[in-house]
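Each protein sequence line maps, in turn, to chains A and H.
For the record, in the first sequence the residue sitting at position 92 is 92 according to this note's numbering, with numbers rising by one throughout.
In short: position in the second sequence from 1, add 10000, done, that's this note's numbering.
FYI, nobody ran anything at the bench for these hints, they're computed from the structure.
Fair warning: this is a prediction, and the values are worked out from it, not measured in the lab.
We treat Cβ as the ideally placed atom computed from N, Cα and C, and that holds for glycine.
Please note: incorrect hints may appear among the correct ones.
Partial pick of chain H residues on the chain A-facing surface, computed with a CB cut under 8 Å [as the list claims (entries may be wrong)]:
(1) THR10433
(2) GLY10436
(3) ASP10440
(4) GLU10708
(5) ASN10737
(6) SER10740
(7) ASP10744
(8) THR10748
(9) LYS10894
Residue-level listing of the chains:
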Amino acid sequence: MFLINCPFCGERDQSEFSSGGEAHIVRPKQPTELSDDEWAEYLFMRKNIKGIQFERWNHVHGCRKWFNVVRDTSNDKILSVYKMGEKPPVNYK
Amino acid sequence: MPNYRIHKTEYIDETKRVSFKYDGKTYFGYEGDTLASALLANGIHLVGRSFKYHRPRGIVSCGAEEPNAICQIGSKKDLTEPNVRATELELYEGLEASSQNCWPNVKFDIGGINNLISPLIPAGFYYKTFMWPKSFWKKVYEPLIRLSAGLGKSPTEPDPDIYDHKYVHYDVLVIGGGVSGIIAAKMAAKNNFKTLLVDDKKILGGSTIYQNNESIKIDDKLSSEWLKNEIQEIKKLSNLTIKTRTSIAAYHGYNFLLAKENLTDHLPEEKKKNKIRQRLWKIRAKKVVIATGSIERPLVFNNNDRPGILLSNSINKYLDYYGVTCGENIILFTNNDSAYETSISLHKKGIKNIIIDLRKSASSELIKQAESLGIKIYLNHVVTNTFGYRKINSLEIMKLSEDGNTTIGDKIKLSCDCLGMSGGWTPMVHMHTQSGGKLDFRDEDQVFLPKENSEDQISVGSCNGDFDLENIIDKTVNKINKFLDIDNQDYQDTNIICSKENDKRNIWLLPNKIPLGKTKCFVDFQNDSTAKDIKLALKEGFRSIEHVKRYTTTGMATDQGKLSNMHALGIIADTAGVKMGTLGTTTFRPPFTPLTFGTLVGRNVGKFFEVVRKTSMHEWHVKNNAEFENVGQWKRPWYYPKNRENMHDAVQRESKAARDSAGILDASTLGKIDIQGSDASEFLNRVYTNAWSKLAIGKCRYGLMLNEDGMVYDDGVTTRISENHYLMTTTTGGAANVLSKLEDYLQTEWPELDVYLTSVTDHYSTASICGPNSKKILNKLFPNLDLSDENFPHMSFKEDKLENINCRIMRISFTGEQSYEINIESKYGHSLWKMCIEAGKEFNLTPYGTETMHLLRAEKGFIIVGQDTDGTMTPSDLQMDWIVSKKKFDFIGKRSLYRSDTVREDRKQLVGLLTDDPKEILEEGAQIVLDVKSKPIDMLGHVTSSYFSPNLNKSIALAVVRSGKTMKGQKLIIPMENKNINVTVSDTIFLDKENKRLNA
Ligand SMILES: [Zn+2]
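Here chain A stands alone, though its shape is the one from the complex (with noise of 0.2 Å):
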């Protein structure tokens, strides 16, 4: 169960929180314009990393804010936590 630091609340239980996949997976601003593959790339393709990943969370029964977290799959720490709109930070890749 991890502890995971809201940037707008602090370091609460993992219960209080949903996770939203991979972040940094932007919306095409003109979808109609992209070939089928293309779409599917954005749709459905997923790096699924076992190491250093940047992924999304909510804090639903919280604040209800998205915020971005870097998480290392391998050991389930937490590395760093940013809000959404942030540039990731650059020492983890």
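Please build the complex by placing chain H with the ligand on the supplied structure of chain A, with the hints as guidance.
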């Protein structure tokens, strides 16, 4: 009756005699006993039958690792409990226990026949034997296995006990109250860490608390005396909480641990009443110190499972802690020094004993002490067989060859009534691995040890592989100082004297002249698997430890192989000729010992099992005989039976009344989301498939919401209340998810939009009145409101007051009838409802539930998201192309609507079905085919909604059918178990295609 209680100890209160029943017979013990120690005091070793061969089995250990002494406690239907280890169960007045794994009784049982036919029960016997014929499974194999396996009986009635949950936060959690745990807890608490110390036993002190060997001393005192003093000291520390009878069940990530505290299990029956039985502690600790100790290993030799064969150290504990000797003529069989402590202790109490030692020579202080006492020691010898059916009565030993691979010389037969075995010690690394920690293998004594300690977790004491007292104390002090970044000096001058062991001789499977196939060398006592089984598994090609474990079931019983895993690994490594450390271990999973369901569930039973949401009108529904349906957490009226009507009759009556005159539905549970902001219209444009910019203020519109994959996600009517203010409704079940999804898009994809979302589902109560007389009822309620079709047409919205209370009235319809939804602040919901009922009396206004609502909308072919859709239906599949805007640049899911897969002509599409026999009602979920003769039958789709319509006087159904759009008039077949039903594909709208009733 024999009495094996041979001396007094401070842990047994001989003034408090306790009577208990075991297998129906009454015995006596004392306060302080466990069931196991009390049985042993009465001379009882035989406590069960083994799982597969039904061999007699006795008490082996004195703790959580016990594989044999598994009991069923109590005989009441609601309070009986299986799988309780007698070695952990504290004795109390009135305890009733029975041995679990033996039918019809422990002394004679039918399953014993398995022992004689055991060559037929090899490794993997379940997989091999019970495979076929298939027809045998239900009638022969399964009842047989269930009867003879005897894994205990579950209670058949609800548990009347009270359980509790508690969340706690600590700076430091120390697991285990042995010598290292006590030192760690003291150091932490004295340095201002808020500390919790838990131990599964009744008192602190671990195995040191009954240690009384003169060669092991701390500050010139017996180690036990020194430790008692330490315990007195830590009890005074104000920021240390000590929880005994509390065991850690699970160690999750981020130092989140679950502990089970036993509060009443040790109390006499009458004192248990109305008290919390067990409490589940949910612990968050900044730092965790694991001090869980180690358990002694058995040895694997022929017939090593007879009653009277115990772990050597357990014999010691029964003697020095409980005052009970396990025999009068004891043999100790060892490969290390610890059995010598037992031997000396027995000798001092006048119990005759001899030692068989695998080692060629040994020379520690302890051994010298034993020699000087004149204890007979056979060095370089091995036990090759044991004898005695219900209890061991003798054994054979032989000399070991130089390399230890075989036996030499003559057999020596020795008589005994008890055998203690010690194969060394296994550190309890369960907590470390549960937390995600890795292990290292130490070759000298063949143990797995915690590989690394992190900044928030550390292992100390014998669970970290430090076995002698000097090592334990010194290393614990150093490690804790570092771990907590403190400089504690309490143990700076502690002077420790202890015997140092310097030789070990580890042989996983002891040699024997008898071929392995003819021996019974047990590895896992509880699941009855032998060394032979493991070797057979290897011969059959299994290599991975996880596979061997499952194939032989080694380590898979309720003890999770606490005694057997290491030997299984060792034998695999030896046989396969690989180094043991390279094999890895099996995964230790929570819980460490079995947990009761009661503990896990806590107080969330009965009416607290789940949150229940009720509308403001709920009491009225109850009073008026409603049957309820669960929709998400909501309780919704399902139908209102009158005069003992069944469901069908009630629904037919309600449906007819709604169309003939008027019906009323509690629609309060529909999700309601208040949407405000200057970009609200644009936002709706992006989340719904249709266009919203041109919706006039005061008008309503139906919307369909898709997922980005183009599949229908939710639907509902949204009303424009003012320029920048909308009220969206969602399905009852989808409300929370829709809000979440909309927030997601707003916050992450379109942060530039000025839009604010608020869930107002609970703020409003909604009464929906429909039917040809609905307008007249509305007129009675709102006499000043102009209800004319010109002023208040279908799909529009008005505000008015009902006795000074604001109401929002939408003229929208889910039934196809003229229909009004009156929304009022929730606290007035009940009054609103009663006023509607009163006003509707003269028009036979009939309350109807969800079933009638479903029927009425099906007559009109309106979909229910989640019933007629399942996450694979596009608007086009639902024949709802009309709601998808062609002009809009983008909306959620738009691009997916022309992916190659979504434009396929042969997708499953929504159609209507009419049965050839209008009285025949289809089953929802029934499969639809074109031709029953072709094999395999091609499934075209299934029925999603089906009703008998009283208004059309025939059966109607909605279904999804492959290429259904093009099939109107097509004859199809619905094959049922005992007949084929003929149907014809029809339009989805069965009633009033022209929508005349909306304005009737
Ligand atoms: Zn928050």
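Now for the hints, and whether the structure bears them out:
1. THR10433: violated, 13 Å
2. GLY10436: With Cβ-Cβ at 6 Å, under 8 Å, it holds.
3. ASP10440: violated, 17 Å
4. GLU10708: holds, 6 Å
5. ASN10737: violated, 10 Å
6. SER10740: holds, 6 Å
7. ASP10744: holds, 6 Å
8. THR10748: holds, 5 Å
9. LYS10894: Holds, about 6 Å.
In summary, the numbered hints that this structure violates are 1, 3 and 5.
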